[in-house]
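Peer 1: Residues per chain, in single letters:
Number of protein chains: 2
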Amino acid sequence: MSEETKQQQKLSLTLKTAKGTKDWADKDMVIRQHIFQTLTNIFQKHGAITIDTPVFELKEILQGKYGEDSKLIYDLKDQGGELCSLRYDLTVPFARFVAMNNLDKIKRYHIAKVYRRDQPAMTKGRMREFYQCDFDVAGSYDAMIPDSEVMSILVDGLTSLGINDFKIKLNHRKILDGIFQIAGVKDEDIRKISSAVDKLDKAPWEDVKKEITVEKGQTEEVAEIIGKYVKLSGSLADVIAVLEKDEGILSNEKAMEGLADIKLLKEYVEAMQIDNFISFDLSLARGLDYYTGLIYEAVTAASAPPSDAQEKKEQALKKKDSKKAKKNGTSNDDDASAYVGVGSIAAGGRYDNLVAMFSEATGKKSAPQIPCVGVSFGVERIFSIIKSRSNLDKIASTSTQVYVMAFGGGADWNGLTGDRLKILKKLWDNGIEAEHMYKGKVNPRKQFDAAEKSGAKIAVILGKEEYLQEGKLRIKKLGPEYADDDGELVAAEDFVSLVQFKLEEM
Amino acid sequence: MSEETKQQQKLSLTLKTAKGTKDWADKDMVIRQHIFQTLTNIFQKHGAITIDTPVFELKEILQGKYGEDSKLIYDLKDQGGELCSLRYDLTVPFARFVAMNNLDKIKRYHIAKVYRRDQPAMTKGRMREFYQCDFDVAGSYDAMIPDSEVMSILVDGLTSLGINDFKIKLNHRKILDGIFQIAGVKDEDIRKISSAVDKLDKAPWEDVKKEITVEKGQTEEVAEIIGKYVKLSGSLADVIAVLEKDEGILSNEKAMEGLADIKLLKEYVEAMQIDNFISFDLSLARGLDYYTGLIYEAVTAASAPPSDAQEKKEQALKKKDSKKAKKNGTSNDDDASAYVGVGSIAAGGRYDNLVAMFSEATGKKSAPQIPCVGVSFGVERIFSIIKSRSNLDKIASTSTQVYVMAFGGGADWNGLTGDRLKILKKLWDNGIEAEHMYKGKVNPRKQFDAAEKSGAKIAVILGKEEYLQEGKLRIKKLGPEYADDDGELVAAEDFVSLVQFKLEEM
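Heads up: the sequence lines are chains A and B, in that order. Going by the working numbering, the first residue of the first sequence is number 8, and it counts up by one from there. Going by the working numbering, the first residue of the second sequence is number 8, and it counts up by one from there.
Calculated from the structure, these hints are not laboratory results. Hints may be right or wrong, so weigh each one.
All copies of an identical chain are treated as equivalent in the list; a pair is satisfied when it fits inside any one copy or across any two copies.
Simulated crosslink set (DSSO-like; lysine-lysine; CA at most 27 Å straight-line) [to be verified]: (1) K432 with K174; (2) K319 with K460; (3) K446 with K464; (4) K446 with K112; (5) K66 with K78; (6) K193 with K484; (7) K174 with K223; (8) K460 with K84; (9) K235 with K216; (10) K23 with K120; (11) K112 with K29; (12) K199 with K429; (13) K23 with K371; (14) K270 with K401; (15) K432 with K273; (16) K446 with K429; (17) K479 with K261; (18) K193 with K453; (19) K509 with K484.
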């Protein structure tokens, strides 16, 4: 085999996007832009500014922030100079930004891509490159006031996008930590027990209990006490009522602090009438290390894995193994879509120590604590829900209004390209979306077909005699309902106002 | 020194963004968003759809596309799986997209970040991470029709952003290649001689001649003939007139093909009255490998390096060397801003073979050629020009309209937080930008100060007696001109319409 052939065969495998990433185009882009615009409007309604941070950060900035998930971080190759990694979320870069600029308060939104080397499930919106839309409030404020505003943004964001069938699972890290203390878990074991509890949305209690006892070395008794609490969920009022009577909670300082927050939050979300969306769920733990207070995630029916997930997962793994045996290549086929759910569609929480962690790393002795709370919308996951509910036929991916055509014939006919461009330029200069065929001489049928495809509503026609001899343009409405309409002739100098008039009529 | 202290000292060096990248915030973001929106409107006016491709591509996709600049590509670390690189521009991913989806035509814009491991000059908008705004037309069309539309977009883009003092340097690869043939350069040497000629905007002819002869092995005679042509520049009409009488050009098939294109282009840009922006400049070569026809770049006075550039560059290099001797670390100090110009602020050209190159790599025997032409706006460079011309005091980075306050006191005063949230929620639900202080009890002075900082125009005040006893809100205009205005009382149930009315008045 020649070198060249080898090269071609090698390339023939790779005309694709990298695993877990995809191109976006046409109507998908329109839907996604609509999501961005809707959320941006809401974020601005709350007085936020926007920032943009680089796609990659110094590797050290990201280290020690994501617990078990740190293995999913993409690193850049060492090509000399600094060691960098692609950002994993927008929260850590935000905290770095606040610390670096010595800000004592900021309210900001940020819509940008983040990167995770995770198992993709493309049709469920679980990708390796994906957008987050984040809103965060940094600053020392009174308890639960910014937190409840963030709850309101979460609800407003989803309902404005037409998603009403969601619930916000909510918990408090201090209550959760209190429960682990009550159960007798040592402080240094709390995070790993917490991450076991976090799996309760995907696995039954028996599996989680096994992880707590067998894998993570807690006694049967400890697990039973944890189990008693983490099975609790319901409305804020109901769960607060249970906890307020619980001996364990009443005797635990941390849990009581958390409970006081939740009671205040209840007052505020009731004032805003968004309490009906909230489920106080003591099993919610969230994986990330940096949360210190309220934690929450919004879920829909599509969030959970399908009922036959386990079976499908085993099938997929078997298939993958047999493929590997045949051919040792990577493939986009290993996609988990069949056996995972969309997951949470928005999530967040309070992280009061992250900014100070950065400030202290600069060597400052008394770096101020800058408490933060925020929410992150998972655009791709929301997208996959909205797309499945959309009438795609009604979405236009271009906004063309006018199509410029030239009709004529004979030996001297040149298609009037220069004149078409002159006409087009006038339309563009007046802010009107206009196209023509990028050809000199074309027959009318083809031009009408192209106009129809473009979605244009009006044709501006340069007829050979009409234009060259009379200096006139024909303005005609397009679409089957105007098939019999021959349009109107107008002097070429002032055709724009007639076009504008007809566009407004339609 | 303990491990912990070492770790802290290490971190204390690195609370920064990676070299050549920066954070964007506040008014800078407002200016940049304005650039994006202006260009997006123009692109849409020409019937383009938008696409989004991943930030990283398979390494092989980018290989062999950028000539000498390939060394500037960022690679991702090999963490198992595919080898990937950060995209260097948006053109190659676009061509990959067209080939991969077997498109025979598309008109698209794409606004996104690209990555180059180049020497940064931050204040000149030359960065390692920067935005490009690209518009491209792919498809087989008649000569110079899409090309002249792209010229019109270039002019419209810059003038719409308030930049009128630019010129578009324009040339044609076929004319340039013809010149090299006329001079006697062998075909395989053409690209490297072309890249020497490309330096004529930064270096005098004598230096370039030396590179052609001494470094790149051409004879004195060859260099002299090249020199005669590449010194030609002026209006399309003037340079066409010279070339049409030139024996060399008349006898070279390639050059005559290029000249025919330029003559057609002249007709079209004159029809659109944008010819006055264009300078036909035979020294323009552009570095990238993939151009095959028309090439162009827009430059302003800020594009060129300062007159004392050489001197400043030597100073900077000396300083850098002495620093390196002292401390072997990377630093953001090595920035070339003092001795480089902004460079071209928009550029592009025709690349007719790039898509086919990808299609053929898939193993297709008769992959169709999909000719392309496009333009890329350099946002950061345009930004640095616009910012220097802007009145920053007049730019607001938030859009807050209303500030909600509570005034009261006494032992039973609680700040009415829940009631404030109820009022705020009504404003938000009506699409009104509104904020309050995230505190329970605050004195009126602080609330007015915060309202002023937020830029709000209207205060909605919950006065202790007015609100609790009479159920009324006070609506007051803000700003020094309304200092004596006590505002108006309105029933709390229907305060929104009064707020809307007052906002419209202001």
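Peer 1: None of the hints should be skipped; say for each whether it holds.
Peer 2: So, going through the hints one by one against the coordinates:
For a Cα distance limit of 27 Å, the shortest separation of K432 from K174 across copies, 19 Å, qualifies, whereas the shortest one inside one copy, 52 Å, does not. Proximity of K319 and K460 under a CA criterion of 27 Å is satisfied in neither setting, with 42 Å inside one chain copy and 56 Å between copies. Taking CA atoms no more than 27 Å apart as the test, K446 paired with K464 passes inside one copy only; the shortest distance there is 21 Å, against 54 Å between copies. For a Cα distance limit of 27 Å, the shortest separation of K446 from K112 across copies, 13 Å, qualifies, whereas the shortest one inside one copy, 58 Å, does not.
For a Cα distance limit of 27 Å, the shortest separation of K66 from K78 qualifies both inside one copy, at 13 Å, and across copies, at 22 Å. Taking identical chains as interchangeable, the C-alpha atoms of K193 and K484 are never at most 27 Å apart, the minima being 76 Å within one chain and 57 Å between chains. Neither within a single protomer nor between protomers do K174 and K223 lie at most 27 Å apart by alpha-carbon distance, with minima of 31 Å and 69 Å respectively. Taking the shortest alpha-carbon separations for K460 and K84, neither the intra-copy value of 45 Å nor the inter-copy value of 44 Å comes in at or below 27 Å.
Proximity of K235 and K216 under a CA criterion of 27 Å is satisfied intra-copy only: 11 Å inside one chain copy versus 84 Å between copies. Both within a single protomer and between protomers do K23 and K120 lie at most 27 Å apart by alpha-carbon distance, with minima of 20 Å and 20 Å respectively. Only between protomers do K112 and K29 lie at most 27 Å apart by alpha-carbon distance; the minimum there is 20 Å, versus 37 Å within a single protomer. Within a single copy, K199 and K429 get their C-alpha atoms no closer than 70 Å, and across copies no closer than 40 Å, so neither meets the 27 Å cut-off.
In this homomeric assembly, K23 and K371 come within 27 Å of each other (Cα to Cα) only across copies, at 15 Å, whereas the closest approach inside a single copy is 48 Å. In this assembly of identical chains, the alpha carbons of K270 and K401 never lie at most 27 Å apart, being 46 Å within a copy and 43 Å across copies at closest. For the homomeric pair K432 and K273, the shortest alpha-carbon distance between copies (15 Å) is at most 27 Å, but the shortest distance inside one copy (59 Å) is not. Taking the closest pair of Cα atoms, K446 and K429 come within 27 Å of each other only inside a single copy of the chain (15 Å); across copies the shortest separation is 61 Å, beyond that limit.
In this assembly of identical chains, K479 and K261 lie within 27 Å of each other by CA distance neither inside one copy nor across copies; the values are 82 Å within and 40 Å between. When the C-alpha separation of K193 and K453 is checked against a cutoff of 27 Å, the pair qualifies neither within a copy, at 77 Å, nor between copies, at 45 Å. In the homo-oligomer, the alpha carbons of K509 and K484 lie at most 27 Å apart inside one protomer (8 Å), although the nearest pairing across protomers, at 42 Å, exceeds that limit.
Violated hints, in rising order: 2, 6, 7, 8, 12, 14, 17 and 18; the structure is consistent with all others.
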